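At position 1 of the sequence shown the residue is numbered 1 (full-length UniProt numbering), and the sequence of numbers has no breaks.
No wet-lab data here; the hints were simulated from the structure.
Being a predicted model, the structure only gives us computed values, none of them experimental.
C-beta atoms are modelled at their ideal positions from N, C-alpha and C, and glycine is treated no differently.
Accuracy of the hints is not assured; some may be wrong.
Label-pair restraints from in silico Cβ distances [claimed, not checked]: (1) 64 - 21: 40 to 50 Å; (2) 37 - 70: 53 to 63 Å; (3) 33 - 8: 34 to 44 Å; (4) 65 - 20: 44 to 54 Å; (5) 151 - 107: 27 to 37 Å; (6) 151 - 40: 54 to 64 Å; (7) 45 - 68: 44 to 54 Å; (8) 62 - 90: 34 to 44 Å; (9) 53 - 25: 20 to 30 Å; (10) 18 - 50: 26 to 36 Å; (11) 78 - 40: 52 to 62 Å; (12) 50 - 21: 48 to 58 Å; (13) 66 - 112: 31 to 41 Å.
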Amino acid sequence: MRIGTNVLSMNARQSLYENEKRMNVAMEHLATGKKLNNASDNPANVAIVTRMHARASGMRVAIRNNEDAISMLRTAEAALQTVMNILQRMRDLAVQSANGTNSNANRDLLNKELRLVWFHKQIKFRKWFLNYYNRKNSSAFFGTIPYKIKGKYI
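All chains, please: the whole structure from these sequences, using the hints.
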């Protein structure tokens with residue numbers, strides 16, 4: 001007895017299998033709305049997409065770092081403005097005290113006010129400064145933490 005194979009049926013079965021496989025891939029693309037679902041869909045594009053995701057993630061971190069740097073700089077600016085206000089008030093009191101029309105009693109009062117302004121503002125500033133930087137990294141204010149923006153450290 002002779003055993004033979006039915007080549008036509010085997011080819012038809014293989015074609016059905018390949019068509020079913022392509023149909024499943026097409027259904028997966030339709031269901032997810034993505035052109036690239038698996039690495040087997042297009043290996044070259046998987047590498048491109050992976051790099052794009054990594055770059056986007058890096059950009060999000062860079063944006064967050066920039067926002068932190070801006071916040072730190074704004075805080076430092078506010079601290080410096082407080083110091084400038086103290087110094088300006090002290091200068092105003094010194095100029096007023098230097099006026100030749102003031103009596104010694106008036107000069108003593110201006111001097112007391114000068115000391116009080118300096119003392120109270122200094123305490124207020126120190127409390128604010130320590131409260132903020134105890135929550136944050138205190139070395140950030142003094143420039144030991146570098147921030148890189150557009151390829152340059154600030």
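Hint check results:
Distance hint check for residue 64 and residue 21: the Cβ-Cβ separation is about 44 Å, which falls inside the suggested range of 40 to 50 Å. Hint check: residue 37 to residue 70, Cβ distance near 39 Å, so the stated range 53 to 63 Å is violated. About 39 Å separates the C-beta atoms of residue 33 and residue 8, a value consistent with the hinted range of 34 to 44 Å. A hinted range of 44 to 54 Å holds for the C-beta pair residue 65 and residue 20, which are about 50 Å apart.
At roughly 56 Å, the beta carbons of residue 151 and residue 107 sit outside the given window of 27 to 37 Å. In this structure the supplied range 54 to 64 Å is violated for residue 151 paired with residue 40, their Cβ-Cβ distance being about 38 Å. At about 35 Å, the CB distance of residue 45 to residue 68 disagrees with the hint of 44 to 54 Å. Roughly 42 Å separates the CB atoms of residue 62 and residue 90, a value that falls within the hinted 34 to 44 Å.
Checked against the hint of 20 to 30 Å, the pair residue 53 and residue 25 passes, with Cβ atoms roughly 22 Å apart. Here the CB-CB span from residue 18 to residue 50 is close to 28 Å, well matched to the stated 26 to 36 Å. Between residue 78 and residue 40 the beta carbons are some 56 Å apart, a value that agrees with the proposed interval 52 to 62 Å. Judged by the Cβ atoms, the range 48 to 58 Å given for residue 50 and residue 21 is violated: they are separated by roughly 25 Å.
Checked against the given bound of 31 to 41 Å, the beta carbons of residue 66 and residue 112, roughly 47 Å apart, lie outside it.
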